[in-house]
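2 protein chains.
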Amino acid sequence: MESIVEILKQNKISPSIQRVRILEFLRDNRIHPTADMVYKGLVDEMPTLSKTTVYNTLKLFVEKQILVGLTLFENEVRYEYNMEPHIHFKCTKCGKIYDLDRSFDFYKDEIIDGHKVEEHHVNLKGICSNCLKTEKNK
Amino acid sequence: MESIVEILKQNKISPSIQRVRILEFLRDNRIHPTADMVYKGLVDEMPTLSKTTVYNTLKLFVEKQILVGLTLFENEVRYEYNMEPHIHFKCTKCGKIYDLDRSFDFYKDEIIDGHKVEEHHVNLKGICSNCLKTEKNK
DNA sequence: ATCATTGCAAACACTTTGCATACGC
DNA sequence: GCGTATGCAAAGTGTTTGCAATGAT
Numbered sequence: 000m001e002s003i004v005e006i007l008k009q010n011k012i013s014p015s016i017q018r019v020r021i022l023e024f025l026r027d028n029r030i031h032p033t034a035d036m037v038y039k040g041l042v043d044e045m046p047t048l049s050k051t052t053v054y055n056t057l058k059l060f061v062e063k064q065i066l067v068g069l070t071l072f073e074n075e076v077r078y079e080y081n082m083e084p085h086i087h088f089k090c091t092k093c094g095k096i097y098d099l100d101r102s103f104d105f106y107k108d109e110i111i112d113g114h115k116v117e118e119h120h121v122n123l124k125g126i127c128s129n130c131l132k133t134e135k136n137k
Numbered sequence: 000m001e002s003i004v005e006i007l008k009q010n011k012i013s014p015s016i017q018r019v020r021i022l023e024f025l026r027d028n029r030i031h032p033t034a035d036m037v038y039k040g041l042v043d044e045m046p047t048l049s050k051t052t053v054y055n056t057l058k059l060f061v062e063k064q065i066l067v068g069l070t071l072f073e074n075e076v077r078y079e080y081n082m083e084p085h086i087h088f089k090c091t092k093c094g095k096i097y098d099l100d101r102s103f104d105f106y107k108d109e110i111i112d113g114h115k116v117e118e119h120h121v122n123l124k125g126i127c128s129n130c131l132k133t134e135k136n137k
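Chains as they are written, first to last, in numbering that gives the first Met the number 0: chain A, 0 to 137; chain B, 0 to 137.
Worth flagging that the hints you see were computed from the coordinates, not collected in a lab.
A virtual CB, placed ideally from N, CA and C, is assigned to each residue, including glycine.
It is possible that some hints are incorrect.
As the list claims (entries may be wrong) - Below, a sample of chain B positions facing chain A; criterion: calculated Cβ distance under 8 Å:
hint, residue
1, Gln17
2, Arg20
3, Phe24
4, Val67
5, Glu73
6, Asn74
7, Arg77
8, Tyr80
9, Leu99
10, Asp104
11, Asp112
12, His114
13, His120
14, Asn122
Please take these sequences and the hints and turn them into a complete structure.
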């Protein structure tokens, strides 16, 4: 597997410790974290880390197309490493976001009603398998 | 067509002038406005209208399921009157949001990978027919 | 020494809350 | 007159910006 440092170098980003750890966090924790979740996940091992750096770095990675920034349902941006097209499912009970690898009607690059489609998102919302189990056990 | 006042009464909401005009605005302007757009669209004719009332009223309507609140792509809630399932297309040039009446794979009420789907959203992004035309004429 | 990166503090935008005033029956 | 609705001001989030201190070559 390609190292994080190499990915940064390929994108002409100097691999500072903050940048490496932030991208690593996104690669290793496929939880669609918010900027705040990234900050909280790293601040213990990097106590001087600032939220500003997290925001700036995530923004930089999105510009360089290393990460994708998504606003799925709520009023907050979530970041993900996975660039393959996939469906997002958000559980309304526990708040977890799942990636579903189901393929879906892909309008990308098609003309629909005269509009040129460049992105196609499918977002589902409901109750995840875990929360369904917990409900039954009540 | 059912009057706005009747819709409010049916939902046990007293039809104050603010509430009537806000719901009317949503029914007559299918532009998926933000709270701020609703405020700006009405404040001229109702100069004492406050944003708080707009926010409170929109929230009330969403709770009563008269309106739907959507976070489509950006970090802001947009409101719409149309309850029929449909596709949203956002133009990255002009920012307009279009409703597309295309039907789509409807996962609602299905179990997918063990998760119970209750909402299914399809969001497209690209360049709308209008902006495509303008580009060509350059 | 120079240029880029970091991180604090302040500013911002969107939204919610507390509470006093005004309205409607 | 009493309960509800309104709207100002303040607080609360998530995010961005200005800028000085720090770090890398």
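Comparing the hints with the structure gives:
no.	hint	result
1	Gln17	violated (24 Å)
2	Arg20	violated (25 Å)
3	Phe24	violated (22 Å)
4	Val67	violated (12 Å)
5	Glu73	holds (6 Å)
6	Asn74	holds (6 Å)
7	Arg77	violated (11 Å)
8	Tyr80	violated (20 Å)
9	Leu99	holds (6 Å)
10	Asp104	holds (6 Å)
11	Asp112	holds (6 Å)
12	His114	holds (5 Å)
13	His120	holds (4 Å)
14	Asn122	holds (4 Å)
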